[in-house]
Amino acid sequence: MEEIRVVNRNLGKPDSHTLASFQASGGYVQARRALNEMEPTGIIALMEESELKGRGGAFFPTGLKWKFVRADPNLPRYVVANGDESEPGTYCNRAILEEDPHNFIEGMIIAAYAVGAHTGYIYIRGEYGLAIERVQAALDECFAAGILGEDALGSGYGVNLILRRGAGAYICGEETALFNSLEGKRGNPRFKPPFPTNSGVWSKPTAINNIETFCNIAPILENGAQWFKDLGIGDENAGTKVYCLSGTIQRTGLFELPLGVTARELIYDFGGGPPEGRELKGFKPGGASAGVLTADELDARMDASIGQYDTILGTGGCIVMDETVSMVDAALRDALFFEEESCGFCIPCREGTPNLVQILEKMLEGEGEPADLELLEEIGESMASSFCGLGQFAYRPVVGALRKFRSEFEDLVNVEAPLAG
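Our numbering runs 2 ahead of the 1-based position in the sequence shown.
Treat the hints as calculated values from the structure; they're not laboratory data. One should not assume that every hint holds.
DMTMM-like cross-link-like pairs, simulated, lysine to aspartate or glutamate; straight-line CA separation at most 20 angstroms [what the hints assert, rightly or not]:
| # | residue 1 | residue 2 |
| --- | --- | --- |
| 1 | K364 | E376 |
| 2 | K15 | E101 |
| 3 | K364 | D301 |
Nothing here was measured: the structure is a model prediction, and the numbers come from that model.
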């Protein structure tokens with residue numbers, strides 16, 4: 003198997019972040035065709051036919067989302083690019099934002115026209131300084147060249163894209179918290195329903211997608227829906243996925259592969275496996291919030307079906323851990339992150355995250371008690387009722403590690419593992 007570069011097709015080219023380089027590779031040809039020759043409903047129908055699903059982790063059908071937004075008569079409508087990539091182990095959006103910003107901008111222009119929006123927002127993680135600089139420069143180039151503006155690409159259709167910088171809060175990756183942040187409010191999540199397709203930014207219909215999703219739009223217009231569907235593995239997977247590899251592995255980095263590749267293929271064929279002489283202990287397929295899987299689960303497919311293993315794919319940030327890694331210590335590191343990033347809006351998350359940290363720290367300090375193991379499970383059950391996805395997933399790294407590597411936890415509370423049989 004080889005990499006299939008669709009999203010990452012321009013990475014590595016000289017000056018790939020510039021308009022000149024992007025246009026030399028065929029950039030904005032599809033956006034020009036869409037705005038001048040295609041009907042918005044035809045574009046949406048093509049997205050539905052392609053079976054493109056959001057690459058932010060929820061896997062919601064992109065065409066269906068756009069269809070809902072366009073059907074809502076409550077004007078104006080908006081498009082939003084979620085570039086608040088803040089979870090440990092994920093960095094695929096950063097590469098696009100820094101090295102190929104025109105790629106997703108073209109997708110946003112097509113999306114705006116398709117849903118009937120004239121304004122879009124690009125929300126980028128505040129710590130991504132170079133990305134923010136490059137995206138703003140790309141927008142300036144687009145306005146100067148007539149790609150954006152009141153007469154975008156000579157179509158008579160106006161498209162204005164605005165860059166907004168986040169303030170460092172992980173919670174703002176949650177779409178409704180992002181809307182609040184865009185509006186100058188505290189970045190807390192909102193009640194659902196109403197959903198963003200009917201009430202998003204400024205309480206108007208909003209098509210929000212992540213950076214990688216937007217990068218697939220122009221290639222689908224160029225090559226067709228069937229071409230895109232044929233790129234994936236299995237009937238449920240269309241297109242490619244950009245996977246991030248990190249941890250105790252020989253080759254880290256970004257690998258764009260068919261959606262549905264197995265974890266074994268990703269970790270060993272492309273990552274080279276753990277360092278020489280070491281054995282794989284476990285891996286997290288979807289960043290810090292994903293439950294850990296064992297070496298016996300390497301044949302799990304890196305797609306939405308991985309949920310059957312009590313974990314998530316998320317944005318595809320695969321973190322590899324070899325035999326030298328303490329699973330209790332790894333769980334604590336994740337718990338510390340979520341404790342720091344909890345917005346404090348709801349009680350299960352606000353109280354649950356520090357309680358997980360306290361128990362794990364106590365165990366690692368040699369003061370753990372047998373009852374702590376059940377208490378971790380109970381806290382997890384409570385956090386599952388959190389208001390938004392942050393709290394609903396924040397306990398999973400801890401409880402998942404406890405369930406898959408229970409003996410490591412039992413060793414710290416002086417509980418003998420039950421005898422086999």
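Holds or violated: K364 to E376, with C-alpha atoms at most 20 angstroms apart: Measuring from Cα to Cα gives roughly 15 angstroms; hence the hint holds.
With a cut-off of 20 angstroms on the C-alpha distance, tell me whether K15 and E101 pass. holds (9 angstroms)
Is it true that the CA of K364 sits at most 20 angstroms from the CA of D301? This hinted pair is violated, its Cα atoms lying about 35 angstroms apart.
The structure fails hint 3 only (numbered hints given earlier).
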